[in-house]
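Q: So the sequences go chain by chain: A and B.
Residue 185 in the numbering used here is what sits at position 77 of the first sequence, and the numbering runs on without skipping anything.
Residue 104 in the numbering used here is what sits at position 44 of the second sequence, and the numbering runs on without skipping anything.
Think of the hints as simulated: they come from the structure by calculation, not from any bench.
Idealized CB from N, CA, C, for every residue including glycine.
A hint or two may mislead.
Unchecked claim - Which residues of chain B face chain A? A partial, calculated answer using Cβ under 10 Å:
no.	residue
1	Leu87
2	Pro88
3	Pro90
4	Gly94
5	Asp129
6	Ala140
7	Ser144
8	Ile183
9	Leu184
10	Pro186
11	Asp189
12	Ala191
13	Thr192
14	Pro208
What the hints assert, rightly or not - Here chain B is said to cover these stretches of chain A; the calculated rule only asks that three of the stretch's residues, wherever they fall, bring their Cβ under 8 Å from a Cβ of chain B:
no.	stretch
15	217 to 225
16	324 to 333
For reference, the chains in residue letters:
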Amino acid sequence: MAVDHYTHLIDDLRVALVQLLQPVEYLATTPRLLYESYTEAQTDEAVLRRRLAAAEAENLLLRSKLLQMEDLKAENRRLRLLLDASGRLPVEKTDLMIATVLRYGSGPFENYAVINKGALDGIRPNSPVIDPAGIFGLVTETAALTSRVRLLTDPDLAIPVRIERTGQRAITQGLGHGRVLVRFLRKGADIQVGDLLVTSGLGNIYPPGYPVARISAIDFQRDAVFLRVIAQPVSQLYNNDEVLVLKIHHEDTPAND
Amino acid sequence: MKTPPRTTDAFWLILLSYLVALVINALPLPHPWGLLLPPVGLLVLFYWALRQLDRTHFVAAVLIGLLYDALEGTLLGGHALLFSVLLFIVLRLRLRLRLAHPLQQSLLFTGLLYLFEALGWFILRPNLDEATRIYWLAMPLTALLIWPVISATLHFLTRPAGAR
Chain A
109 MAVDHYTHLI
119 DDLRVALVQL
129 LQPVEYLATT
139 PRLLYESYTE
149 AQTDEAVLRR
159 RLAAAEAENL
169 LLRSKLLQME
179 DLKAENRRLR
189 LLLDASGRLP
199 VEKTDLMIAT
209 VLRYGSGPFE
219 NYAVINKGAL
229 DGIRPNSPVI
239 DPAGIFGLVT
249 ETAALTSRVR
259 LLTDPDLAIP
269 VRIERTGQRA
279 ITQGLGHGRV
289 LVRFLRKGAD
299 IQVGDLLVTS
309 GLGNIYPPGY
319 PVARISAIDF
329 QRDAVFLRVI
339 AQPVSQLYNN
349 DEVLVLKIHH
359 EDTPAND
Chain B
61 MKTPPRTTDA
71 FWLILLSYLV
81 ALVINALPLP
91 HPWGLLLPPV
101 GLLVLFYWAL
111 RQLDRTHFVA
121 AVLIGLLYDA
131 LEGTLLGGHA
141 LLFSVLLFIV
151 LRLRLRLRLA
161 HPLQQSLLFT
171 GLLYLFEALG
181 WFILRPNLDE
191 ATRIYWLAMP
201 LTALLIWPVI
211 SATLHFLTRP
221 AGAR
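Chain B with its partners taken away, still in its complex shape:
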């Protein structure tokens, strides 16, 4: 008899997905285009929160957040706090959200990233001027494009063995 999939089954894939997300955010993109890139680790965290219902993923949110703090040079705990708050909202909605179309999910995550920016304005204190502010404000919109790619890629990698 087949057992239902558990988080531990995909442990290495989860770890690898966070590593790839960090690498994407560490890519040396030319200034100011790097400002358009959302925290990909947060979107990956959302994916696993929707996919793996047996965990809350708060430990992952804090750890990934701390790594983003080190990567971006912000106060330790800033990203961790924001990631945890946003994850909490996703956890409240996840049973309904996981049935939604990826584009509908994209819209919600864009809204959440605007919340990330609004809270981050006070907590992370981004250093922006008139020229770069527009890139920073456009960042959640790029999540509209990135989320379907992340969602489709991780769906493909975690498809049941019978579908291969």
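If we strip away everything but chain A, and leave its shape as in the complex, we get:
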């Protein structure tokens, strides 16, 4: 236990055990998968057509937004070059991979999800995982066909963030039970309930700009230097069937993006 707590010497043993548990996890999710395939088979054709039409309309809308984003990205790059900002972050190329959530950990110890993509699909530990709303978690262990994703509400996971409205930086740490603690915000900082926290990109693990959580409570504690700020994750933890794993390739030369 001490070796596991203080060092990384037995990380491989943990990966081997997770690998051993892979068939167990597949067996445990079989009833749910069977139920889902049954309900899918029972779905009316008219309902499916309606869903397809809605998905096509949404796709069109998103593509038009993407066109605008490409333009904004180019403008952003131009302005950055003009400013020649010394502290700018390395440019990253990101591949996305869709993964299905097989199950969530239901015990009281770690907040995690198991996804159906593993080392054979090119997933590596420390890959961020997102859902359509924002950051979902981080891949911690990869077996051959599955991976363990630590949710952002896990107490052992910290994410460097900035407040979108003011740009002030902080770090979120999981509190469990669908909440995160926002650390290192001094008293007198310009924050409000409802402020959105986005990834700051520091640490080179999470790409900048992804929504993380929304501030839900601010507690001015006496005799404390920092505020106690609680936030609610924006992603649908425990309700996601599909998530996206980001495969980031860091590049040294920012201008080549």
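Position chain B relative to chain A; hints supplied.
A: Positioned in the frame of chain A, the structure of chain B alone reads:
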């Protein structure tokens, strides 16, 4: 002449019972109902410790404990240590305990699971709030219901050939 049953006779059944126990604990139960489920592998371990007197089952306790550590995401060795401590208590009592009624056994195992929670509070550090703590504290009580089922099922599967 008939030879007495040995652990090796039921090796595959023992292995299968631990696998099923792990699958039950890996079931995707809705939060927070999953907190009510005790470590079924530990109860199966207790069953085999009472049934197979020619072994101490400590190797099984450590291995199953390590698998539970990987399953629950706790420090490697945490569950293994707790399972070994509880198994030791069961081994001390097993000659008397195996003659007791399953409901009496259930009561003792409920007590042992409370000990598991008390020790686990410091070793495994569960992350609980006011709403979920009650589920976690009620977990040993569900063992009262689960143990007779485990005991009856494994008794049925290991009954002598003449009784089939």
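Q: If you test the structure against every hint from before, which numbers come out violated?
A: Failing hints, ascending: 7, 14 and 16.
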